[in-house]
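Residue numbers (the numbering used here), protein chains in the order written: chain R, 1 to 122; chain A, 123 to 244.
Incorrect hints may appear among the rest.
As a list, the in silico EDC-like pairs of lysine to aspartate or glutamate whose alpha-carbon atoms are at most 16 angstroms apart [claimed, not checked]: (1) A:Lys-243 with R:Asp-102; (2) R:Lys-121 with A:Asp-206; (3) R:Lys-92 with R:Glu-58.
The following label-pair restraints were derived from C-beta to C-beta distances [said to hold, decoys possible]: (4) A:Glu-139 with R:Thr-24: 28 to 34 angstroms; (5) R:Gln-72 with A:Asp-225: 38 to 44 angstroms; (6) R:Met-26 with A:Gly-150: 36 to 42 angstroms; (7) A:Ser-229 with R:Arg-91: 31 to 37 angstroms; (8) R:Val-81 with A:Arg-202: 34 to 40 angstroms.
Chain A regions said to be covered by chain R (calculated; three or more residues, Cβ under 8 angstroms) [as the list claims (entries may be wrong)]: (9) 143-157; (10) 195-206.
The hints are simulated quantities; they were obtained by calculation from the structure and are not laboratory data.
Ideal Cβ positions, reconstructed from N, Cα and C, are used throughout, including at glycine.
Residue strings, one per chain:
2 protein chains.
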Amino acid sequence: MQEHEHDRCEEQCIHSEVVESVRTQMLGTVPSEELAQLFKVLGDNTRIRILDALYLSELCVCDITALLGMNQSAVSHQLRVLRDARIVKSRKQGKNVLYSLDDEHISGLVRMGSEHVRELKR
Amino acid sequence: MQEHEHDRCEEQCIHSEVVESVRTQMLGTVPSEELAQLFKVLGDNTRIRILDALYLSELCVCDITALLGMNQSAVSHQLRVLRDARIVKSRKQGKNVLYSLDDEHISGLVRMGSEHVRELKR
DNA sequence: TTTATATATGAACAATTATTCATATAATAA
DNA sequence: TTATTATATGAATAATTGTTCATATATAAA
Chain R
1 MQEHEHDRCE
11 EQCIHSEVVE
21 SVRTQMLGTV
31 PSEELAQLFK
41 VLGDNTRIRI
51 LDALYLSELC
61 VCDITALLGM
71 NQSAVSHQLR
81 VLRDARIVKS
91 RKQGKNVLYS
101 LDDEHISGLV
111 RMGSEHVREL
121 KR
Chain A
123 MQEHEHDRCE
133 EQCIHSEVVE
143 SVRTQMLGTV
153 PSEELAQLFK
163 VLGDNTRIRI
173 LDALYLSELC
183 VCDITALLGM
193 NQSAVSHQLR
203 VLRDARIVKS
213 RKQGKNVLYS
223 LDDEHISGLV
233 RMGSEHVREL
243 KR
């Protein structure tokens, strides 16, 4: 009986060379989790609408609340999620708190995501 | 008593000109939901690891299963989510099913997301 | 000071979802 | 044919999460 030329896993069908090569190049645990976390934060319709609005202008909480036509509490909760993820930043102005996008990667992501969505429609 | 020059919402603090301008430029309901759905699919660590692997090479299910060190059923379930979202595509080869990224926007998104994550660390 | 307004947040509830287990399908080998 | 291997999938469970409600904090106005 002939030896297999490849190492074995629990699985029998494994293409070892490719798998080992891929394994060495894959993201580490931490970056992978952080990346997933970033997309998770972007993966909610309320938060996407907030980012879409903030992409167009700095806005206070009640502006956003009016734009989305929803509960102020819900908006504040989602702004907190976005702030914690450092996707938006805020500054105080009198009674208001003004929110804006934190950096240019975010608008890039939203733009690129939109392109993909548009492509799928064709 | 002087009339306000702006329309009113339920909220009192509204900055009407900005809000109205933003309102006309925002994404419609459908694109916004599709975009959120795309990010939601990307927003899971298992799926990110699968995409990270597929970015490096076309792979069969049991290769992915071995790479992630998890249950074959779990991997297949997540591959289905990715397939339904048209983020990956598959082709049959004998007993195996080979998966790969569906289009270049996805790798762009993953790359751009990684950049953002890296930036935050500094 | 008191009153009104803007925002934030804890708790509870409902809805969604990732994983596991068991099993089904499909392809190949014997 | 039967046995084995690769993949897919329904059901159940556990965990996560978005929204609402009630309320707290903070700023400004009276």
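Hint check:
The suggested pairing of Lys-243 of chain A with Asp-102 of chain R holds, with an alpha-carbon distance near 14 angstroms, which does not exceed 16 angstroms. Taken as a hint, the Lys-121 of chain R and Asp-206 of chain A pair is honoured in the structure, with Cα atoms around 14 angstroms apart against an allowance of 16 angstroms. Proximity of Lys-92 of chain R to Glu-58 of chain R is assessed by CA-CA distance (about 12 angstroms); at most 16 angstroms being required, the pair is judged to hold. Checked against the hint of 28 to 34 angstroms, the C-beta distance between Glu-139 of chain A and Thr-24 of chain R comes to roughly 56 angstroms, which is inconsistent with it.
Restraint check, Gln-72 of chain R to Asp-225 of chain A: a C-beta distance of roughly 39 angstroms satisfies the suggested window 38 to 44 angstroms. With their beta carbons about 37 angstroms apart, Met-26 of chain R and Gly-150 of chain A fall inside the hinted range of 36 to 42 angstroms. For Ser-229 of chain A paired with Arg-91 of chain R, a C-beta distance near 35 angstroms keeps the hint of 31 to 37 angstroms intact. Taken as a hint, the range 34 to 40 angstroms is violated for the pair Val-81 of chain R and Arg-202 of chain A, whose Cβ atoms sit roughly 28 angstroms apart.
Coverage of the segment 143-157 of chain A by chain R holds [criterion: at least 3 residues with CB-CB distance below 8 angstroms; count 11]. Proximity of the segment 195-206 of chain A to chain R, defined as three or more residues with a beta carbon under 8 angstroms from a beta carbon of that chain, is not established by the 0 residues found.
Consistency with the previously given hints fails for numbers 4, 8 and 10, ordered from lowest to highest.
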